[in-house]
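So the sequence lines, in the order shown, correspond to chains A and B. For the first sequence, counting from 1, position 1 maps to 1 in UniProt numbering; every step adds exactly one. For the second sequence, counting from 1, position 8 maps to 8 in UniProt numbering; every step adds exactly one.
Calculated from the structure, these hints are not laboratory results. Be aware that a few hints might be false.
Claimed, not checked - Below are the BS3-like pairs computed for lysine-lysine, each with C-alpha atoms no more than 30 Å apart in a straight line:
1. B/K62 with A/K15
2. B/K7 with A/K272
3. A/K216 with B/K58
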Amino acid sequence: MSLTLKVDLSPPRSKLVIEKSSFDDEKSRHRKNVEEHYFNHKMELFIPGCAELPPSAQAVFDMSDDFYIIKDLPLTELINKDFIENFVKKGSLYMLSHNTHIDKHNVYAVLPTGKLILSVHKDTYEELGLVGQPSQFNRKVKRKFVVEVDLTQDIFVPGKKNYERVKKGFQRTELKADFLLSWKPRGTRQSAGPVLSHFEDSYRCDRRSQVQQTNKHTELLLPVVNSSELEESDDGEWCTAREWYEWLGAVSCGINCNEAPEHYISRYSCPKPNKLTATAVRRSMTGFIAPGRVWAVLEAVRSDMRDNQCPSPWAALTVHGFADSPVSWARREHGFHHGGENLYTLLIFRDSTYWLFQAVGTNDICP
Amino acid sequence: MKRIVSKGDAPYYYLKVLLEFEDKTMAVDVLTFRTVIMKAMMSMYGEVGAAVQIDILKYEDKTISAILRVAGSNMVKLWGALTMLSYYDEKPCAFRVHQVSPFLMAFAASSRQLLLHTE
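Make the full structure from the sequences, and use the hints.
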């Protein structure tokens, strides 16, 4: 008997989608892309050519926007009738279990569409007794299952069969988790306060602010890009979209790319052709960010560029999703395999064209 | 509107690694760090492995941590070699691989580090 050892040397698969379009195009997907990326951990705006953020963008960053953390919340609270009527149906509610790793633990999320998503282990799934689907990423072994409960259905009320079944399942399994929560009431200028007072009496709640950070760059090399061309040119007049994306990543990670050190250490430097800019500003926000805030920043930057508030050729807005969210965009399943990246970058040009980069890891469906 | 979809193997992979010595007072400069990586590749794959281009994009000598870049086809080899390393210069040490991604941008945020405690 011979024994052969098969070594797989291929790296984990990943997907990068680069899209070129215009904000004025009717078919443009930029709004959908921002609004359907529900769980955002970090947002970063990079503007070359300015020492300070332009006024409208600055105002949006300065707006206070808090989120809440609720400790040890049993899932039965999420199907509480008052909770559904007063919060789920009357605004955009974003909830995501905190400190739960999707490749190890059960993860729960409430989407603003009123869907409760549970990504649970096989044993929990069997005990729960609810109908779900095996996770798309381990169909053979069926290690994890995804259960969806529509909280906003008219027939999802106490006394109805489906409701009682879900309630019994949650009571039997005693599932609970710490939750990050953000709620935007529909229409009114009401604050998110009521949602806190709803939980405050029975559970430990805490209000948190987004952490903000500003970085300033001086004498930075910018790769030259051509807004109408993603691919490389024949005679190297501009950089490709992929090169630009890698460069922006380097800037965001605080890597000095103006000059390459000796070859033995690294061969990476700013892609060519490039142009020196005297100053650049990078502002970031970290926490639990609702898509509405990202949209507000995008609109503000566009209006600043229209009003010529900053002399920059372009601006870049990057948004990082939660690595352990059960969904990436809309209801597309998301998982963790070596990494849980689900992030997008909008490169906004002056002429209202934009490039959209959507990057996801192995356990993700192509956006 | 134009759309480019790249699936499968990325041209480059990035690794966020930390080198830990049993002797916590060890000082390691970037050249030594590069040599440790080369030795690790050498002992696993010989001369060919040692010749693989690995870029140290960022190095922090206080924590002996770095962001590395390697071609997609060599990523698994590098990861394997780093994992198997246990000695440098007869001093016990180990690499910790914290994050691996085909996107450099992904290293700018890490939601798993967001730890919130209520008092």
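Evaluated hints:
1. B/K62 with A/K15: violated (34 Å)
2. B/K7 with A/K272: holds (25 Å)
3. A/K216 with B/K58: Answer holds: A/K216 to B/K58 is near 18 Å, not above 30 Å.
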